[in-house]
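S.K.: If you read the sequences in order, they're chains G and H. Here the first sequence stands for residues 1 to 224, numbered as in the numbering used here. Here the second sequence stands for residues 1 to 537, numbered as in the numbering used here.
Everything labelled a hint here was simulated from the structure, so no lab data went into it. This structure is a prediction, so every number in the text was calculated from the model and none was measured. Wrong hints could be hidden among the right ones.
[As the list claims (entries may be wrong)] Using 30 Å as the maximum straight-line C-alpha spacing, the simulated DSSO-like pairs for lysine-lysine come out as follows:
#1 G:K208 - H:K163
#2 H:K508 - G:K224
#3 H:K62 - G:K92
#4 H:K23 - H:K422
#5 G:K92 - G:K12
#6 G:K140 - G:K208
#7 H:K54 - G:K177
#8 H:K23 - H:K163
#9 G:K140 - H:K49
#10 H:K189 - G:K92
#11 H:K54 - H:K396
#12 H:K34 - G:K224
#13 H:K163 - G:K224
#14 H:K489 - H:K163
#15 G:K118 - H:K115
#16 H:K206 - H:K62
#17 H:K49 - G:K177
#18 H:K489 - G:K140
#19 H:K168 - H:K189
#20 H:K23 - H:K379
#21 H:K349 - H:K262
#22 H:K62 - G:K224
#23 G:K85 - H:K23
#24 G:K224 - H:K489
#25 H:K422 - H:K404
#26 H:K115 - G:K177
#27 H:K49 - H:K62
#28 H:K141 - H:K115
#29 G:K208 - H:K349
#30 G:K224 - H:K206
#31 G:K85 - H:K62
#32 H:K168 - G:K224
#33 H:K508 - G:K177
[To be verified] Label-pair distances were calculated between CB atoms; the ranges are:
#34 G:C113 - H:K49: 53 to 63 Å
#35 H:G400 - G:Q15: 19 to 29 Å
#36 G:D207 - H:A529: 25 to 35 Å
#37 H:T441 - G:A204: 15 to 25 Å
#38 H:E48 - G:L210: 47 to 57 Å
#39 H:K404 - G:E221: 56 to 66 Å
#40 G:E221 - H:E32: 16 to 26 Å
Built from N, CA and C at the ideal position, the CB exists for glycine as well.
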Amino acid sequence: MEQMVNVFLFGKRYQVPASATIMEAMEYAGYQLVRGCGCRNGFCGACATIYRIAGDRELHACLACSTQVQDNMYVATLPFFPLVKEVYDIEKVKPTEQIMMQLYPEIYSCVGCNACTKVCPQSLNVMQYIAYAQRGEYEKCAEESFDCVMCGICSSRCPAGISHPQVAMLARRLNGKYLAPHCDHLDQRIAEIERGDYVPLIEALMDKPLEEIQALYNNREIEK
Amino acid sequence: MYQDPIMCQSAEKVAAARAENVKLDPRRMTAEEKDQLLKTYHPDYREEKFEVLKAGPNRGEKVPTELARLLQAHSRITADQIDLTKPDYTCDVLVIGGGGAGTSAAIEAHAAGAKVMVVTKLRMGDANTMMAEGGIQAADKPNDSPAQHFLDAYGGGHFAAQKDLLCKLVSDAPEAIRWLSDLGVEFDKAPDGTMITTHGGGTSRKRMHAAKDYSGAEIMRTLRDEVLNRQIPVVDFTAAIELVLDENGRCCGAVLLNMETKELKLALAKTVILATGGAGRLHYQGFPTSNHYGATADGLVLAYRAGAKLLYPDTLQYHPTGAAFPAQIFGALVTEKVRSLGAMLINAKGEAFMNPLETRDVSAASIIRECSDRGNGVKTPAGYAVWLDTPMIEIKNGEGTIAKRIPAMLRMFGKYGIDIRKEPILVYPTLHYQNGGIKITVDGQSQVENLFVAGEAVGGIHGRNRLMGNSLLDIIVFGRNAGRNAAAKSRSVTPAAPTLAHIAAFDKSLADAGIETDAVSPQLLPDYARRENVLKG
């Protein structure tokens, strides 16, 4: 017999297998999920969830797909959080401090409570990456925020009304496009392809009889 | 830490053999060995799990039984339920699907000046793209070439790829990387800008570009942000449940279903792009899957009913390294990048039983052999598994490599108390990718005029097996291609009167073939809810 625990889904008690994730517990209880379920493996941020264990005063946050249930866990899902997403033209913006001031000025109202960091289900140092964004240090902000799944839990706890995931998104795009070192070998290869340098090679390969291609494939040298 | 005594004992053997195993470079199998292995152990060769279609464009060909049931099913609607004179949405290009292919298509169609709209069953970005971890291939290094990339992919796909599609895939690859980079996607680079690239299974050159092990997520969130910046209308939680054809049989829209309210809506367009993704959530042969919640082959069903032919729908990719333990992540993807970085596959006795960088189908079949006939699997609650010896990564590449290069894997196992820097992990094949799909020409169009297809819903680009890193590439190259071509085509199209006559016609072909079924399709979502003694209807 499988070990069971009590969970309270939106306050209502269900008995579910102790090994289940919160998402599996909801399905075990009979919910057919539409919202609040995405990749089911911690990458998409669809299943932000808050919970509290009976007897504990603290509210915790997690992703329902990758958090195991506990006995006497009170659960409420947060399947959508209305973040602020400002619209901009990536070709026209510049990676200066100015752009954050213009698009997300509320980041400068951060009171340093660190609630965002404490609540992040990815254990990111959220307040730190906001600090980098304030200073226009987009490379650092990008690196610090890289594992963000944009679930929005941080923003749900922010007294300053910051949409942290969107701030980080902007920083990463600025970094990727403008600040990261330029890749010359990529440009060179594209120029060669555009000149048609590889057309004869590929066409010759495609025209070969099957046995010849098979022989080429089976005997090709593999880079160490 | 592993608690189970059998696992602990076996893990100790793996640890004891590590110092010797790490020095090995097991030889690659010969072509004959691979053929024999696949025929004996690969799930695609289990004839009893397939069914020959009796109706529709692929009549006489076999597909997985679960897919046959959906392809030879009735529509969720009848034609008289929809007033085709009153569309709720009209646009030039209707994109169905909000994953990597759909968003790439939408961006390019928008850039070409078309009025575009995206409908997506869940949220934009809820897609297999988001979950692609390892990387994206492009032959952009001096020792590499698009021809070499072609040879790797063509051979890896068992010489079955549509050559013109594969040629486009490899030739457009470097430009696809630059497009993403220009949108702000952060690829792993050396300080001088050189791309940091690794091998994938079956590659002969190190051409795997990555963004740590969040490669797909980084691409997806950037494309999503760009769609939002362009203010392209996105209707989410809305599935396409039937295509609309005009009186001349050309695709001109779709019937939509609000996933929450069940309200039906009608979208009419000049051209349509299907980018609905894969089928992992159909759980072929009872396999777990690494796929997204919405991966239920909807696009294949819609296109098939409208008259489009499928190519290689009988070939699926079982990713060799799905998580086999703990239960909470059963079937989840363990990126191939773990092996690219040097982790080897080790059996219960501590033996490195194969070269870890064979193609996916060969690796999966080899693991299944180890866990079945050879009896060298480790017993787990769900069956048997082999080890993937992750601590080797830091022996080979230095301490800190795992946190830096595969943080998602470190986190995924860390949540359940397994430190992959110190302990190996248990893996078994998981249903990962639909190699086959809707047949297209190189412009991205299916056999139904004005119905374009992109991404995992397409069949033929990869042949009968796909290499790691060629799917993220395919969604970008063929997503953009479909977007541009659908936008261009929309300028010259004047649809005739819309009809849903194909629904009744398909029903008739089912009846003519003697098929009696209650099934309706597309499936839209898997049903994991436990229902005991619930009210019906």
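S.K.: If you check each hint against the structure, which ones fail?
M.R.: 2, 3, 5, 6, 7, 8, 9, 11, 15, 16, 17, 18, 21, 22, 23, 24, 28, 29, 31, 33, 35, 36, 38, 39
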